[in-house]
Each structure stands twice: as C-alpha cells, then as structure tokens.
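Asks: Could you build the full structure based on these sequences and the hints that come with them?
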Amino acid sequence: MRLGILFLLLFFGYEIVAQNSQDSIPVLKEVSVSGNFEKQFLPGNNIILPKAKTLDFYSGENISSVLSQNSSIYFKEYGNGMLTTIAFRGTSASQTAVLWNNFNINSFTLGQTDFSLIPVEAISEISVIPGSGSSMGGNGAFGGAVLLENPLQFKSGHQLSFGQQIGSFGQLNSTLSAHGSNGDWAYSSKLYWGRAENDFEILQTGDKQNNASFDRWGINQNIGYKISPNNTLKLAVWYNDNFREIQPPIGSNRDINEQSDYNLRTHLNYERTEEKSHLNIGTGYFIDEMDYRLNQAVSYFIVNRWESFADFKYHFSSKHQVQLSTRHNHIKAKNQSYEFGSAQEERYSVRALFKGEIFMDIDYAFHLRQQIVPGVTIPISPYIGISTPFFKTTNHQLNLKVNTSYNYRLPTLNDRFWNEAGRPNLNSETSWNKEASLSSQHRWNDIKSMFSITAYHNQVDNWIQWIPDNNSQWRPRNIKKVLARGIETSASVEFPVASELKFEANGQYSYTKSTVQESEGNQNEIGKQLIYTPLHKANASASIIWKEFSIDVFQQRTGKVFTTNSNSEVFALQPFFLTDLGLNWKSNLWHLSAKAQNLFNQEYSLYSGYAMPGRNYQLTIQYKINFKK
Amino acid sequence: MINFNLAKNSAYLILCLLLIFTACKEDEVTPDDEAEIVESDSLVLITTNILIFHEGGFQANNATIGSYNPITQEYQSTSFRDENGSFIGDVQQSVLSNNGIFYSVLNGSNAIKVLDSASLSLSVTIEDEAIDKPRNIAVAGDKAYLSNWGPYNDNFGLSDSRILTIDLNNNSVTGSIDTQEGLEDVQIIGNTLLATRFFFGSYQHLTFINLDNNEILNDIELPAGPEEILMDASGNAWVVCNSGALLKIDIENTSIAETVELGGEIYGDADIYENAIYFLQNNEVKAYNLSSGSITSIATTKAIQTPYAFAVDPVSGAIYIGDGVDFSDGGTVLIYSRDGDLINEFVSGILPTQFVFETELQVFEEEEED
Numbered sequence: 001m002r003l004g005i006l007f008l009l010l011f012f013g014y015e016i017v018a019q020n021s022q023d024s025i026p027v028l029k030e031v032s033v034s035g036n037f038e039k040q041f042l043p044g045n046n047i048i049l050p051k052a053k054t055l056d057f058y059s060g061e062n063i064s065s066v067l068s069q070n071s072s073i074y075f076k077e078y079g080n081g082m083l084t085t086i087a088f089r090g091t092s093a094s095q096t097a098v099l100w101n102n103f104n105i106n107s108f109t110l111g112q113t114d115f116s117l118i119p120v121e122a123i124s125e126i127s128v129i130p131g132s133g134s135s136m137g138g139n140g141a142f143g144g145a146v147l148l149e150n151p152l153q154f155k156s157g158h159q160l161s162f163g164q165q166i167g168s169f170g171q172l173n174s175t176l177s178a179h180g181s182n183g184d185w186a187y188s189s190k191l192y193w194g195r196a197e198n199d200f201e202i203l204q205t206g207d208k209q210n211n212a213s214f215d216r217w218g219i220n221q222n223i224g225y226k227i228s229p230n231n232t233l234k235l236a237v238w239y240n241d242n243f244r245e246i247q248p249p250i251g252s253n254r255d256i257n258e259q260s261d262y263n264l265r266t267h268l269n270y271e272r273t274e275e276k277s278h279l280n281i282g283t284g285y286f287i288d289e290m291d292y293r294l295n296q297a298v299s300y301f302i303v304n305r306w307e308s309f310a311d312f313k314y315h316f317s318s319k320h321q322v323q324l325s326t327r328h329n330h331i332k333a334k335n336q337s338y339e340f341g342s343a344q345e346e347r348y349s350v351r352a353l354f355k356g357e358i359f360m361d362i363d364y365a366f367h368l369r370q371q372i373v374p375g376v377t378i379p380i381s382p383y384i385g386i387s388t389p390f391f392k393t394t395n396h397q398l399n400l401k402v403n404t405s406y407n408y409r410l411p412t413l414n415d416r417f418w419n420e421a422g423r424p425n426l427n428s429e430t431s432w433n434k435e436a437s438l439s440s441q442h443r444w445n446d447i448k449s450m451f452s453i454t455a456y457h458n459q460v461d462n463w464i465q466w467i468p469d470n471n472s473q474w475r476p477r478n479i480k481k482v483l484a485r486g487i488e489t490s491a492s493v494e495f496p497v498a499s500e501l502k503f504e505a506n507g508q509y510s511y512t513k514s515t516v517q518e519s520e521g522n523q524n525e526i527g528k529q530l531i532y533t534p535l536h537k538a539n540a541s542a543s544i545i546w547k548e549f550s551i552d553v554f555q556q557r558t559g560k561v562f563t564t565n566s567n568s569e570v571f572a573l574q575p576f577f578l579t580d581l582g583l584n585w586k587s588n589l590w591h592l593s594a595k596a597q598n599l600f601n602q603e604y605s606l607y608s609g610y611a612m613p614g615r616n617y618q619l620t621i622q623y624k625i626n627f628k629k
Numbered sequence: 001m002i003n004f005n006l007a008k009n010s011a012y013l014i015l016c017l018l019l020i021f022t023a024c025k026e027d028e029v030t031p032d033d034e035a036e037i038v039e040s041d042s043l044v045l046i047t048t049n050i051l052i053f054h055e056g057g058f059q060a061n062n063a064t065i066g067s068y069n070p071i072t073q074e075y076q077s078t079s080f081r082d083e084n085g086s087f088i089g090d091v092q093q094s095v096l097s098n099n100g101i102f103y104s105v106l107n108g109s110n111a112i113k114v115l116d117s118a119s120l121s122l123s124v125t126i127e128d129e130a131i132d133k134p135r136n137i138a139v140a141g142d143k144a145y146l147s148n149w150g151p152y153n154d155n156f157g158l159s160d161s162r163i164l165t166i167d168l169n170n171n172s173v174t175g176s177i178d179t180q181e182g183l184e185d186v187q188i189i190g191n192t193l194l195a196t197r198f199f200f201g202s203y204q205h206l207t208f209i210n211l212d213n214n215e216i217l218n219d220i221e222l223p224a225g226p227e228e229i230l231m232d233a234s235g236n237a238w239v240v241c242n243s244g245a246l247l248k249i250d251i252e253n254t255s256i257a258e259t260v261e262l263g264g265e266i267y268g269d270a271d272i273y274e275n276a277i278y279f280l281q282n283n284e285v286k287a288y289n290l291s292s293g294s295i296t297s298i299a300t301t302k303a304i305q306t307p308y309a310f311a312v313d314p315v316s317g318a319i320y321i322g323d324g325v326d327f328s329d330g331g332t333v334l335i336y337s338r339d340g341d342l343i344n345e346f347v348s349g350i351l352p353t354q355f356v357f358e359t360e361l362q363v364f365e366e367e368e369e370d
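Chains as they are written, first to last, in the UniProt record's numbering: chain D, 1 to 629; chain H, 1 to 370.
Among the clues, some could well be false.
[Said to hold, decoys possible] These stretches of chain H come out as covered by chain D in the derived footprint (C-beta under 8 angstroms, 3 or more residues):
| # | region |
| --- | --- |
| 1 | 47-61 |
| 2 | 149-155 |
| 3 | 324-330 |
| 4 | 342-353 |
Derived by calculation from the structure, the hints in this document are not laboratory data. Glycine included, every Cβ here is placed at the ideal spot set by N, Cα and C.
Replies: Below is the structure:
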C-alpha cells in the first residue's frame with residue numbers, strides 16, 4: 001500500500017489543460033460522452049453508445065439487456081434475472097473489462113461481472129469499446145470494455161424525477177433521481193428499488209417457475225465541488241444490495257438456494273486543469289460481498305479493495321498530447337475456501353499514452369502499459385491505433401480505423417489462492433488483437449445514415465481453465481490457445497416522414513468465429529467453436545415518432561450456441577428470435593410507456609437447462625420536475 | 001462403484017456449490033432363464049444393445065441415455081429424448097435395471113424416473129419432499145430402498161442421511177431408515193440391505209440393515225474409499241474400495257470376510273465377469289480371479305482423463321470405459337475386447353456414468369455345406 005502511494009506521488013505537481021473534443025462519436029448519437037476521458041485515446045476503435053430510447057425501454061432491467069440489443073455481445077443468463085455473464089467477440093466472461101468511472105469492477109475472485117447486479121437505473125451513461133485494449137481498459141480487456149459512468153454537470157438546472165413500473169410476474173420497480181448544480185456544487189442522485197416474484201410460466205413444461213424471486217435496491221450518489229475554476233473535487237458512492245432466490249434448472253423443484261450480494265463502490269477524485277495540462281488523481285474504496293446459502297450451508301466471501309491512481313495529461317503541441325498514469329490496487333479477500341481463509345494481492349501499473357494528429361486529419365494513438373503483480377508474469381501491453389477520413393464533404397464522411405494491441409489478463413484470486421488447488425504462479429493470459437473498420441456517415445437532405453463494418457482477429461494464449469489433474473483434483477492451468485475472429489456490421493438511418501413524423505431504424509449483424517487451436521485438457525475441442533458463442537447474431541430496432549408519441553420495436557436474432565466444448569448438437573441451444581414492442585407518450589413532465597417483451601412467446605434459453613420467460617408486459621409512469629436555475 | 005469428484009471450477013462454482021458428483025454402476029438386462037445359457041444347439045446369447053447413461057452437466061438438466069449397437073458399432077446419442085421429447089433430468093446419478101424397468105436416480109432433480117427398459121418410455125416420476133440428493137436405489141419385490149444424502153449442514157457436510165423406503169405399487173415414499181451420513185451404493189442380499197458410506201472420503205463405512213424390521217444391524221469401518229458393492233455368482237457381496245482393496249463381506253456376521261489388497265489406488269467402479277472381478281488401475285484393466293486369487297492384466301488402455309464408468313459385457317467380455325474428460329464436454333467411451341484390443345472409441349454424452357447391457361437369445365443358423 002505504501003509503495004502504491006509513493007507511485008502516485010511521482011506525478012504530483014504538474015500543470016494541466018482542458019480536454020479536446022471527443023473522437024469517434026457517430027452522427028446519430030443521443031447520449032453525450034462527457035465523463036470518460038479514456039475513450040478519447042482510442043482513435044482506432046469504434047465506440048458503441050446505446051441510444052437513449054434503448055436505455056428508456058429497458059429501464060427496470062439490467063444493463064445486459066441494453067448491451068445485448070446494441071452489440072454483438074451474448075449474455076449467458078442462468079435464468080431470468082439470475083447470474084448474467086458476458087461473451088464478447090468470442091472470449092470468455094472474464095475477458096471483458098467492466099469499468100465504473102474508470103475503476104475496474106469485475107469480481108476479483110471470479111474475474112467477471114455479474115450483469116444482473118447492474119440495473120439500468122444505476123448508471124447515467126453506458127458505452128462499449130469492442131476490441132482488445134488492456135493498455136486502456138486494463139486487466140482482461142480482450143473482447144472489449146464496458147464503460148459505466150455517472151458524470152456531473154456543473155451548469156445544469158435542477159431536475160427531480162420519479163418513476164414507477166409494474167409488470168408481469170410481480171415485477172415492481174421504483175426510481176427517484178435528481179441532478180443539478182448550484183454555484184460551485186453539482187450533484188447527481190439515483191435511488192432505485194425493484195423486486196419480482198419471477199414465477200413465469202416455463203414454456204417447455206407449462207409449469208410455473210419456482211424459487212426465482214429477487215429483490216434489490218441501491219443508491220448512486222455523485223457530488224462535485226469546484227474549489228476554484230481550475231480545481232474540482234468529485235465524490236461518488238454507489239451501493240447496490242441484491243437478494244435473489246436462485247432459479248433452479250428446468251425440472252428441479254426444490255426451494256433451497258439463495259444469494260445476497262452487497263457492493264459498495266466509492267471514490268474521491270481531484271482534478272486540476274491548467275492551460276496545457278490536466279491532472280486527475282483519485283482513490284477509491286470498494287467492497288464486494290457475497291453470501292450464498294444452500295440448505296444450512298453457507299458460502300461467503302468479501303473482497304475489500306483500495307485503488308488509487310494519478311493521471312497526468314500534457315499537450316506538448318497543439319496536435320499532440322501525452323498522458324502518464326500510475327495506479328495501485330490493494331486487494332484483500334476473505335474466503336473460507338482460500339488457504340488460511342484469506343488472500344492479499346498488490347497490483348501496480350504504469351502507463352504512457354500518446355495521441356495526436358499526424359497530418360491530413362489522420363489521428364493516431366500509441367500506448368504502453370506495464371502491470372506488476374508479484375509472482376505473476378505479465379507482458380508489456382502496447383496499443384497502436386490510427387483513424388483517417390478517406391473522404392470528407394459537408395454531408396458525407398468515410399473513415400478508416402485500424403488498431404492492434406497486445407493484452408493480458410491476470411489470474412483471479414480464486415485461480416491463485418484456492419485452498420489446495422490454486423496456483424500462485426500462474427501466468428497471465430495474453431491476446432494479440434488486430435482489427436480494421438470502415439465507417440461512413442451520410443446526410444441526404446433530411447436523411448441521416450451511418451454504416452460501419454469491422455473485421456478483427458484476436459489470438460488468445462495461455463487461456464486459464466480449471467481441469468482435473470491426475471488425482472481428480474481440480475486445478476487452474478494455462479492450457480489453451482484460442483483464435484477469435486469475426487466481422488461486425490451496423491447501419492442506421494433516420495429521416496422525417498412528415499412535419500411531425502420521424503422514422504429511425506438501426507441494425508447490427510455479427511459473425512463470430514472463435515475456435516480452440518490447442519488444448520492440453522481436451523483434444524475433442526480443438527477446432528471447435530467456443531461454447532456460448534453464437535456464430536451469427538443480429539439486432540434491429542425501429543421507431544416511429546409522432547409528436548409526443550412513439551412506437552419502438554426491438555428485435556434480436558441469436559444463432560445456435562454450443563454448450564459443450566466438442567460442439568455436440570445434442571446439447572446446443574437452438575436459435576431464437578425475440579421481439580419487444582413499446583408504446584410511449586412523452587411530455588415535458590410525464591412519460592408513460594407500455595411494453596411487451598418476447599412478443600411472440602418464443603421458447604428460448606440463454607444457458608443450458610434454465611428457462612426464460614415468454615411474453616410479458618410492463619407499464620411505466622415517470623414524472624419529471626424541472627426547476628429553473 | 002461410486003466415484004466422486006469435487007469440482008472446484010473457479011468461477012461460478014463458488015456460487016453454485018461447486019460439487020460435481022458421479023456414480024457409476026454397470027448392470028445387465030439378463031432374464032434369469034437366460035443367465036446360464038451361453039450357447040445351445042440352435043440358440044446363442046448375444047449382446048444386442050448397450051445403453052449408456054449419462055449424468056449430464058451439473059445443474060444443466062441435460063442428462064441423457066444413449067444406445068450403442070455392438071454389432072454395427074453405431075452410437076445413438078438421444079435414445080431417451082427421442083422417446084420422451086426431453087432430457088431425462090439433472091445429474092443422473094445411477095440407474096437400476098429390474099424386471100424390465102429402469103429406475104433412474106436423479107441427484108440434481110431430486111427425483112426417480114421410472115422407465116420401460118425396452119422403449120425407454122417414461123412411466124412415472126417419483127418425487128417427494130424427503131428425496132434430497134439421492135444416490136442409488138435397490139429393489140426387492142414391490143419395495144425400493146433409496147440412499148439419500150439429505151440436506152447440507154452449515155459447512156457443506158451432511159447431517160441427515162437416510163435410506164428412504166418406496167412402495168412401488170403406488171410409487172410413493174412410505175418411510176425412512178435413519179442411518180449415519182454419506183450413504184452411497186445399496187445392495188440387497190437376502191433380507192439384508194448393505195449400504196456403503198463415503199461422501200468424498202469423509203466416511204469409510206458399510207452399514208448393514210435388517211429389512212425385516214428396518215433396523216441397523218451394524219456399521220463397520222472399512223479401508224478408505226468404499227464405493228461400489230458387487231455380487232458374485234455365488235451370492236457373495238464385494239465392496240470395492242478406491243484406495244485399492246476388494247472386500248468380501250460376511251453378511252451373517254456383519255464383518256469383512258476377506259480383504260484383497262490390489263497394491264495401489266483403483267477406480268471405484270468395478271465389474272464381475274467369468275468368476276473374476278475386473279477393475280481399472282491407472283490405465284490398465286486387471287482381473288482378480290475369485291477362485292485362484294491371481295491378478296492378471298487384461299488391457300492397457302489409452303490415457304483416461306476422468307474415469308467415470310466401467311463395465312464388462314456379460315456375454316462377450318468386452319470392456320467398456322467411460323471417460324468424463326473435463327466434466328462439461330461430451331465424454332469418451334472406450335471399448336476393448338476381452339483380449340485387450342481397442343474395438344471402438346467415440347464421444348458420447350456429458351459424463352457417461354453407467355452401462356447397461358441388453359442381451360438376447362437368437363437363433364444361430366449354421367450354413368449348410370453343399
């Protein structure tokens with residue numbers, strides 16, 4: 001810990017400057033990118049920004065619903081509202097980084113995020129950076145990074161809003177949010193509460209789902225204070241409390257499992273802006289606690305972390321800038337399954353980022369990051385990205401982006417410290433990603449459109465997997481080599497049909513081929529598609545907006561996924577096509593919406609053996625009060 | 001015959017309990033009147049089909065029954081699903097074949113599924129509040145005895161294991177016999193029920209129960225790792241201990257009559273063929289001759305990653321081995337001839353756990369000489 005603080009002090013006392021405008025924001029964006037500084041250093045990557053209408057539509061749900069609708073991401077969901085893990089670009093659940101206000105919030109014991117613990121209501125902005133970038137996203141950003149933010153605005157009026165949702169299977173969701181500023185102070189508050197009996201009909205059997213209720217509440221409070229025009233303090237506190245009965249597999253009828261999760265995430269940042277430089281230092285304290293019960297048996301762990309960073313950005317010319325960063329993470333976990341019941345780890349990293357414009361609007365970025373964890377071999381992680389406009393007129397623009405990076409993922413605390421099984425000296429996983437994308441934006445009179453296509457190639461080595469050894473003892477080993485490659489396309493269009501009638505539509509299609517090339521554990525999986533990775537996935541949405549009314553349609557077509565490493569057809573989950581429909585009426589004060597999900601009552605599963613609901617409905621009412629500043 | 005594996009797969013295993021179990025038992029569908037017939041002038045007993053029972057993934061509700069034709073060497077992976085339209089359930093722990101009926105013990109579903117052995121058609125599902133993590137079943141007349149782990153205590157140990165009694169006339173649980181914890185395999189010999197207790201090595205005991213009054217006669221300590229209970233042709237019970245011992249049991253005196261040391265750990269699922277107990281030791285199939293006491297090597301197998309099932313074809317003597325591989329992928333079935341030659345190898349369902357041999361008397365037609 002002391003060493004970490006020393007690291008941070010190395011970067012104190014420099015001068016600073018305001019940020020430049022952001023890159024890579026599509027024409028049709030509806031969510032502003034004000035908070036995340038990290039995205040600005042990725043000119044070679046596309047950034048996915050879910051639209052406001054999608055966030056509205058999936059209010060009351062988890063952000064996995066939003067991401068699934070807006071990207072190639074597949075979520076393994078162990079039942080409705082249950083454990084939900086990500087599969088992004090043919091990688092595993094622990095190979096996507098999830099950051100909240102630039103702090104990695106993946107579980108440090110399991111290495112992955114349970115997206116069922118992140119309600120849409122808790123977050124103000126969601127963005128997704130597909131593609132590898134450990135140099136930016138840090139540990140484990142192989143498939144991509146999901147960025148969650150709660151930014152503050154110092155020059156906004158006060159707004160208070162209440163929302164209430166009621167839905168099928170005993171769903172109830174209530175929200176109260178407020179944001180605004182007053183002189184040197186700014187705040188953003190989000191309070192949410194939700195529950196569901198979740199006793200939906202299992203379409204496969206006709207039975208009612210048992211033992212699947214959940215109940216949660218949380219608060220996400222952000223406060224900012226301008227000490228002076230150039231000096232700002234920001235405090236953020238996010239507490240999430242989630243209880244759930246654990247939905248059993250289809251056919252099991254025993255009410256015995258339940259789980260409680262408690263997550264406290266806090267951080268305090270100090271930012272100083274000067275003419276040519278910007279300093280951002282911060283420290284955060286995080287507690288992740290999980291309590292699982294089966295009969296009288298209890299499995300419990302708690303992870304306490306203290307993470308601190310210092311970022312210093314300097315414009316050494318009008319077109320070039322550098323950011324130097326250092327970060328320290330002190331992790332302490334208590335888990336009855338660890339040797340001696342606990343584990344401790346110190347993680348350090350240093351990073352240098354360069355970004356600028358070469359000539360003719362060609363943007364570049366070059367990063368180097370080195371993480372240090374005693375006992376673990378971690379390679380240096382470089383990134384090079386270039387963005388260039390091929391063609392640019394007032395109404396049309398064609399961009400080419402390319403990037404390549406070498407990335408790492410650290411073994412988790414479970415991998416290293418599990419009693420009589422963990423291996424403290426496991427190597428980190430590595431990936432070498434290359435990708436190129438073409439994107440275009442057009443405007444013909446009132447018609448706006450956008451198109452993009454991305455191809456990537458990601459070689460993952462030293463893949464960690466738990467397999468039984470000669471004594472049938474399960475142990476983690478670096479045993480696999482996986483090649484993920486694919487194509488992602490997206491297109492969108494919007495235009496006015498009549499004076500007060502507007503049409504919007506967008507769609508995405510992804511082809512993801514992720515195959516095992518080498519495996520010391522199972523020869524039958526070589527050459528086979530990674531499990532829970534659909535080869536084909538497509539999403540589409542369309543909206544018609546007339547005055548204060550709108551109709552939204554969301555559709556997802558998910559191809560077959562294999563659930564066994566040797567790709568047995570017997571255990572594959574069949575393709576499915578989901579349609580959600582929403583009707584909205586929105587005034588300055590009121591927002592009323594009615595939606596039907598899984599409109600055609602499609603039978604489907606996102607994880608082998610677990611039921612998902614058929615057609616279901618939600619009604620939402622929201623009231624906003626705007627106070628004049 | 002029951003082998004456990006404690007799965008500690010880092011990620012979700014903590015959340016979901018993280019125990020993966022296995023139990024294996026081989027069986028033969030051999031009508032009594034055929035048992036002694038090997039060959040006559042015009043009839044010959046042959047194995048026509050081998051049913052391969054699979055545990056399925058832990059909490060994945062995808063246990064399967066496949067069938068293998070030893071003549072055509074073809075494997076059909078969805079025999080149960082083809083008949084019934086779905087997977088059989090969650091964690092198919094063991095299966096008992098009795099009088100044309102299969103009793104499939106589903107450890108995850110907490111149920112017994114009763115199937116017609118010829119068609120695999122599901123006739124009834126036995127469910128009851130008392131059935132909690134069942135392991136194995138034995139049948140005598142119209143009664144069945146089910147070893148039942150019961151609920152976990154606060155440290156994932158056991159606190160209330162029982163033998164549940166089931167009336168097969170109405171397929172309902174009628175009572176229980178309170179035992180000590182960790183029950184595994186059960187076998188009925190005369191009016192005595194034998195039950196091994198193991199639970200990942202927490203216990204190494206054999207319980208004797210008098211079925212006339214359902215009272216426990218004795219509970220004796222054994223060498224480590226008691227798993228399967230076998231019956232030899234003379235009606236003797238043998239307990240297979242994975243620490244490397246075969247124990248002949250003296251039922252009358254509720255004691256160990258004879259201990260055969262095998263010189264090292266073995267897989268806890270064994271089988272009897274032609275007066276010998278066949279077992280798997282490392283990657284070698286060996287046979288302990290019940291008359292001479294000699295141990296001979298039958299076959300050297302390919303490297304087996306996760307031994308999960310072992311049986312010998314009662315007619316041909318072919319050796320069937322199920323390899324669970326990584327517990328989540330399709331398992332591998334290896335078939336060796338009685339002479340130790342590899343006959344076939346194929347990927348089956350998830351965790352092949354038990355083989356059941358279906359035999360048939362067929363007319364043997366000799367070719368007439370011109």
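Asks: Next step is simple, just say for each hint if it's right about the structure.
Replies: Taking the hints in turn, this is what the structure says about them:
A count of 4 residues in the region 47-61 of chain H with a Cβ less than 8 angstroms from any Cβ of chain D is obtained; the coverage claim is therefore met, three being the minimum. Check on the region 149-155 of chain H: 5 of its residues sit with their Cβ under 8 angstroms from a Cβ of chain D, so the three-residue criterion for coverage holds. For a cut-off of 8 angstroms, the count of residues in the region 324-330 of chain H with a CB near a CB of chain D stands at 6, and the three-residue condition holds. Counting residues of the region 342-353 of chain H whose CB lies closer than 8 angstroms to any CB of chain D gives 3, so the stated coverage by that chain holds, three being the minimum.
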